[in-house]
Structure formats: structure tokens, C-alpha cells
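Each chain is listed here by its residues.
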Amino acid sequence: MNDSHQDVFDNIKGTVGDVTVDNPKMRLSNVDVFYGEKQAIFDVSLDIANNEVIAMIGPSGCGKSTFLRCLNRMNDTIPTCKVTGEMSLDGEDLYGPNLDTVLLRARVGMVFQKPNPFAKSIYDNVAYGPRIHGLASNRAELDEIVVGSLQKAGLYDEVKDRLDAPGTSLSGGQQQRLCIARTIAVSPEVILMDEPCSALDPIATAKIEELIDELRQNYAIAIVTHSMQQAARVSQRTAYFHLGKLVEVGSTNHIFTNPSHELTENYITGRFG
Amino acid sequence: MDKLHLDQHISQQFNNELEDIRNKVLAMGGLVEQQVSKGLTALLELDADLGNEVSTADFEVNKLEVEIDEECIQILARRQPAASDLRLIVTVIKVITDLERIGDEAEKMGRFSAELTETGQVVNYRKELRHLGELVKSMLRDALDAFARLDVDAAIKTAARDNDINTEYESLSRLLATHLMEDPRNVSMLLKITWCARALERIGDHSVNICEYVVYLVKGRDIRHISFDQIQSEFLSKP
Ligand SMILES: Nc1ncnc2c1ncn2[C@@H]1O[C@H](COP(=O)(O)OP(=O)(O)OP(=O)(O)O)[C@@H](O)[C@H]1O
Ligand SMILES: [Mg+2]
Numbered sequence: 004m005n006d007s008h009q010d011v012f013d014n015i016k017g018t019v020g021d022v023t024v025d026n027p028k029m030r031l032s033n034v035d036v037f038y039g040e041k042q043a044i045f046d047v048s049l050d051i052a053n054n055e056v057i058a059m060i061g062p063s064g065c066g067k068s069t070f071l072r073c074l075n076r077m078n079d080t081i082p083t084c085k086v087t088g089e090m091s092l093d094g095e096d097l098y099g100p101n102l103d104t105v106l107l108r109a110r111v112g113m114v115f116q117k118p119n120p121f122a123k124s125i126y127d128n129v130a131y132g133p134r135i136h137g138l139a140s141n142r143a144e145l146d147e148i149v150v151g152s153l154q155k156a157g158l159y160d161e162v163k164d165r166l167d168a169p170g171t172s173l174s175g176g177q178q179q180r181l182c183i184a185r186t187i188a189v190s191p192e193v194i195l196m197d198e199p200c201s202a203l204d205p206i207a208t209a210k211i212e213e214l215i216d217e218l219r220q221n222y223a224i225a226i227v228t229h230s231m232q233q234a235a236r237v238s239q240r241t242a243y244f245h246l247g248k249l250v251e252v253g254s255t256n257h258i259f260t261n262p263s264h265e266l267t268e269n270y271i272t273g274r275f276g
Numbered sequence: 542m543d544k545l546h547l548d549q550h551i552s553q554q555f556n557n558e559l560e561d562i563r564n565k566v567l568a569m570g571g572l573v574e575q576q577v578s579k580g581l582t583a584l585l586e587l588d589a590d591l592g593n594e595v596s597t598a599d600f601e602v603n604k605l606e607v608e609i610d611e612e613c614i615q616i617l618a619r620r621q622p623a624a625s626d627l628r629l630i631v632t633v634i635k636v637i638t639d640l641e642r643i644g645d646e647a648e649k650m651g652r653f654s655a656e657l658t659e660t661g662q663v664v665n666y667r668k669e670l671r672h673l674g675e676l677v678k679s680m681l682r683d684a685l686d687a688f689a690r691l692d693v694d695a696a697i698k699t700a701a702r703d704n705d706i707n708t709e710y711e712s713l714s715r716l717l718a719t720h721l722m723e724d725p726r727n728v729s730m731l732l733k734i735t736w737c738a739r740a741l742e743r744i745g746d747h748s749v750n751i752c753e754y755v756v757y758l759v760k761g762r763d764i765r766h767i768s769f770d771q772i773q774s775e776f777l778s779k780p
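Those sequence lines, one after another, are chains E and C. Numbering-wise, my numbering puts 135 at position 132 of the first sequence, and it's gapless, one number per residue. Numbering-wise, my numbering puts 546 at position 5 of the second sequence, and it's gapless, one number per residue.
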């Protein structure tokens with residue numbers, strides 16, 4: 004960090020706004036994350052609420068993806084990464100002795116920036132998770148899960164005649180919806196999305212956003228996005244990260260019309276920080 | 542509008558657009574102020590030429606309104622402004638609507654004073670009109686000033702002065718109503734005077750609106766329809 008960054012960093016004292024909610028699905032308190040010696044997240048506390056989309060915004064490198072990966076312990080797969088703090092899902096400690104990370108990652112699913120379908124058929128892409136988690140006892144049940152997930156992801160009508168075609172044969176937007184179908188096939192409770200629309204055109208983006216809004220009825224959703232308009236459109240709450248700290252969190256309406264912190268204001272209005 | 546840091550966007554083009562809009566609104570405000578002032582003078586001095594001048598110049602005000610409106614729509618469509626930028630654009634759209642209506646009231650005064658002069662009618666109540674007119678002019682000036690300087694304190698204090706204007710207006714209209722009943726021969730003149738007084742009173746109302754927008758722009762809070770006491774205790778900076 005250069006001097007001016009250091010000044011800004013020192014001046015972020017805690018988080019403006021309510022980091023807790025009445026109905027937390029997940030609760031993170033005083034989370035620090037290190038990559039080796041380098042700290043990437045500084046004492047961040049934040050609740051993820053049920054039936055709500057929370058958008059995480061902030062400049063590149065501020066720690067959004069790192070924070071998102073705390074929610075399903077994906078950071079543990081990075082050897083140099085160390086996470087501390089209290090994290091829970093439905094009140095259950097994410098680092099508790101009985102917690103199975105494979106199960107956790109099914110309950111807290113993740114959709115990545117670049118669609119990453121497996122080199123398998125469309126059907127098998129979606130059936131993969133239910134199979135390894137033993138969610139279907141026969142083919143008919145599995146069919147039902149696959150079709151249902153594709154329908155929920157808004158993709159079924161476009162692919163119903165070619166479920167055997169490779170997932171990679173789909174367009175980018177379709178692939179992303181396939182990945183969403185794959186994520187919801189295992190009935191997650193929370194869905195994490197890291198810039199899910201950055202490679203998509205406005206129509207495909209609109210479809211995904213519509214889908215996010217529908218998914219909200221049954222899931223808790225956290226989405227990282229670089230598009231201010233997207234954050235404003237899809238989320239109910241917005242969290243603004245800067246230099247590894249959570250600067251401000253609040254209702255999206257509030258954040259986009261009258262943010263409390265100057266750094267938030269500067270960022271969303273495209274001013275020099 | 543220094544407090545809004547209009548010139549600090551990474552996009553220099555956006556800075557220029559906002560600066561341009563701001564300048565045009567200030568220019569429109571200046572023009573409207575002038576129209577009101579001339580309209581009042583035309584009425585008090587029975588100057589038909591000046592009255593007609595005000596009447597014709599109203600199109601300048603309308604033209605500015607359309608131009609600024611168009612620029613605001615462009616910014617909404619192309620820049621999708623947020624936070625204080627969004628509040629600025631919304632405020633500007635509202636301010637220019639009120640300014641245009643003030644322009645219409647000035648135009649009305651100009652037109653009536655030309656008619657009064659040309660029909661050679663005696664015009665009474667000039668003292669009262671002058672008093673009401675001065676109150677309104679200074680209120681409009683201070684409202685525009687509060688907008689230009691983004692001064693919340695000044696906006697709230699200025700808005701409060703509308704009460705004095707209403708009191709003046711009501712006592713003048715009582716006088717006019719009584720006179721109307723007693724002197725039917727002068728109905729036409731008295732009605733025009735009544736309309737002019739009403740125009741001035743309306744300008745006061747539009748000035749209040751402008752003051753309220755200033756508070757919204759700076760504080761992000763809508764203070765329309767909440768009591769003055771509450772506004773004072775929440776927004777006026779403590780001495
Ligand atoms: N695997 C890693 N090893 C070491 N440092 C990392 C690793 N991943 C991220 N970092 C560092 O942690 C900080 C936060 O990175 P992160 O990817 O969370 O940022 P981000 O907000 O998601 O940025 P972007 O918007 O560019 O995706 C950065 O300084 C980054 O260099
Ligand atoms: Mg990232």
C-alpha cells in the first residue's frame with residue numbers, strides 16, 4: 004500500500020450501517036483472511052439474510068471474492084489461505100467438528116464468473132451433484148430433478164430436445180444458466196455468485212437477473228458484481244468493500260440514492276477515491 | 542455546488558455535462574428572477590411596453606426548460622447516475638419545472654399590466670402590491686441562492702418566510718373582495734389586481750418547493766409534507 008492508500012485504509016473505522024439482520028441464514032463475525040503473510044480481509048462482520056439478495060461491490064482487489072469464498076469454506080482449498088473469525092449457517096459453526104465440507108458446499112452453492120460446465124452432456128452436468136449426494140433413488144427421480152433444475156434456471160425449453168449434447172456446446176449465457184441449474188440441483192440453501200454475468204450480453208444478463216429474483220423466494224443469495232446497475236437491480240441489500248474492509252452496508256435503495264460513507268459515494272458515482 | 546464534488550468524476554466528459562446543466566439552471570434562475578422583477582415593475586408603474594416585453598420573453602424561459610430537461614434525460618439514459626449525482630438530476634428536473642411556472646406567473650403579471658395600462662384604468666392597491674412583491678422577490682432570490690450554494694440552513698429559513706407572504710396575500714385579497722362588492726364599476730381592474738396578487742403568492746409557493754429540493758439534494762431527505770418544527774430540529778445546524 005502506498006501512503007495515500009494507507010491513509011484511506013486507516014480512516015475506515017468499522018462498518019457504517021447494520022451488519023446484522025433479524026433472520027440471518029448465515030452470520031459472519033470478525034472475519035480475517037490472510038494469504039500467507041498478506042491480509043486480504045480485515046475484521047469483517049456481515050449477516051446473509053434469508054430470501055434476500057445481497058450485492059457485494061467494491062474496487063478490484065478489495066476482497067469481494069475472498070469474502071464470498073469464506074461462506075462455503077472455499078478458501079480452505081487454497082493452501083496459503085488462512086481464515087479466522089466466527090462463521091455459521093443456521094447457527095451451526097462452519098468450522099464445527101461435525102461439519103462436512105462437501106455437504107456444506109452443496110448447501111452453500113457457488114456460481115462462478117466464467118461458466119464452467121463439465122465435459123459431459125447437459126443432462127449429466129445437472130445430474131452430477133444429485134448423484135454424488137445420493138439425492139435420487141431411481142432414474143425417474145433423477146430425471147425429475149434434472150428437468151426441474153433446468154426449468155428453474157430458465158434453460159429447459161431451449162435444451163429439452165438435446166439433453167445428450169455436451170454442455171460446452173451451449174452459448175455463454177446458456178452455459179451460465181446450466182451452471183446455475185447444476186448449483187440448484189442439489190437443493191442448496193444459499194447461492195453465491197461471483198460476477199455471474201460478466202461474460203454475458205444484456206439479454207442473457209436480464210434472464211439471469213430475472214432468475215436471481217425468482218430464486219430469492221427459496222434461497223439466500225450473495226452476488227459479487229462490478230456492475231452498479233446490476234447491484235441496484237437485483238439486490239435488496241448492498242455491501243461496499245474497500246481495501247479488505249467492509250465500509251458500508253445498507254438497503255440497496257439507501258446505498259444508491261444516499262450512501263452514508265464518502266468512499267461508497269465516490270465509488271458508485273465514479274469519482275476519484 | 543462545491544459540496545457535491547461535481548468535477549471529481551473519473552469521466553471528464555461527465556464532469557462537463559453536469560457543469561453545463563448547473564450553469565444553465567443558474568442562468569434560468571437569473572432570467573426568471575428578472576422576469577418577476579420586470580413584471581412587478583410593469584404593474585406598479587403601469588408600463589405597457591415593459592409588460593409586453595415580459596410577456597414575449599417568457600418563451601426564453603420555456604426554451605431553457607426544454608433544453609435542460611433534454612440534457613437531464615440524456616444523462617439518465619447514458620450515465621445512470623447514482624447517489625448525489627442522481628439527486629442532482631432529479632432536483633434539477635424539479636427546480637426547472639417550478640422555475641418555468643414562476644415564469645408563467647411573471648408573464649401573467651406582464652400581460653395584465655399591459656392590459657390595465659392600455660385600457661387606462663385607475664389602479665389601486667399599488668402600495669400593498671409593492672410590499673407583497675418585494676417579499677416575494679427576495680424570497681425567490683434567496684431560494685435560488687440557497688440552491689446555488691447548496692445551503693440547507695438558508696433553504697429552510699427562506700422556506701419559512703412563505704407564511705409572511707401568505708398573510709400579506711390574504712389581507713390584500715380580503716381588501717380586494719370587499720372593494721369588489723362595493724364598487725362593481727371597477728370589477729375588471731380589481732379582478733386583474735386579484736390575479737396579480739395571486740400570481741405573486743404562487744411564486745412564493747414555487748420558491749418553497751425550490752428550498753425543499755435543496756434539502757433533498759444535500760441531505761437526501763424529502764421534507765415535503767413534514768412539519769416545520771420537525772424540519773428545524775432535524776436539519777437546521779445548531780448554533
Ligand atoms: N490465491 C491468492 N493468493 C494470494 N493472494 C490472493 C489470492 N487471491 C486473492 N488474493 C489477494 O487478495 C486480495 C483480494 O482479492 P480478491 O480476489 O478477493 O478481490 P476482488 O475484490 O474479488 O477483486 P476483483 O474485483 O478483481 O475480482 C487481493 O489483493 C488479491 O491479490
Ligand atoms: Mg473477484
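Please keep in mind that the hints were generated in silico from the structure rather than gathered at the bench. What you are looking at is a predicted structure, and each value in this text was computed from that prediction instead of being measured. Possibly wrong hints are sitting among the right ones.
[Stated by the list, open to error] Here are the simulated BS3-like pairs of lysine-lysine, each with C-alpha atoms no more than 25 Å apart in a straight line:
hint	chain 1	residue 1	chain 2	residue 2
1	E	Lys-16	C	Lys-760
2	C	Lys-678	C	Lys-668
3	E	Lys-16	C	Lys-544
4	C	Lys-698	C	Lys-678
5	C	Lys-544	C	Lys-579
6	E	Lys-210	E	Lys-163
Given hint Lys-579 of chain C paired with Lys-544 of chain C - CA-CA distance at most 25 Å: violated (33 Å)
Starting from Lys-698 of chain C, check that the Cα of Lys-678 of chain C is at most 25 Å away, please. holds (15 Å)
Lys-678 of chain C paired with Lys-668 of chain C [C-alpha distance capped at 25 Å]: holds (15 Å)
Would you mind confirming whether the straight-line C-alpha gap from Lys-16 of chain E to Lys-544 of chain C stays at or under 25 Å? Satisfied, since the Cα-Cα distance of roughly 23 Å is no more than 25 Å.
Can the restraint linking Lys-210 of chain E and Lys-163 of chain E be considered satisfied, given a maximum Cα separation of 25 Å? holds (18 Å)
Measure nothing beyond the straight line between the CA atoms of Lys-16 of chain E and Lys-760 of chain C; if it is 25 Å or shorter, mark the hint as holding. holds (22 Å)
Checked against the numbered hints above, the structure violates only hint 5.
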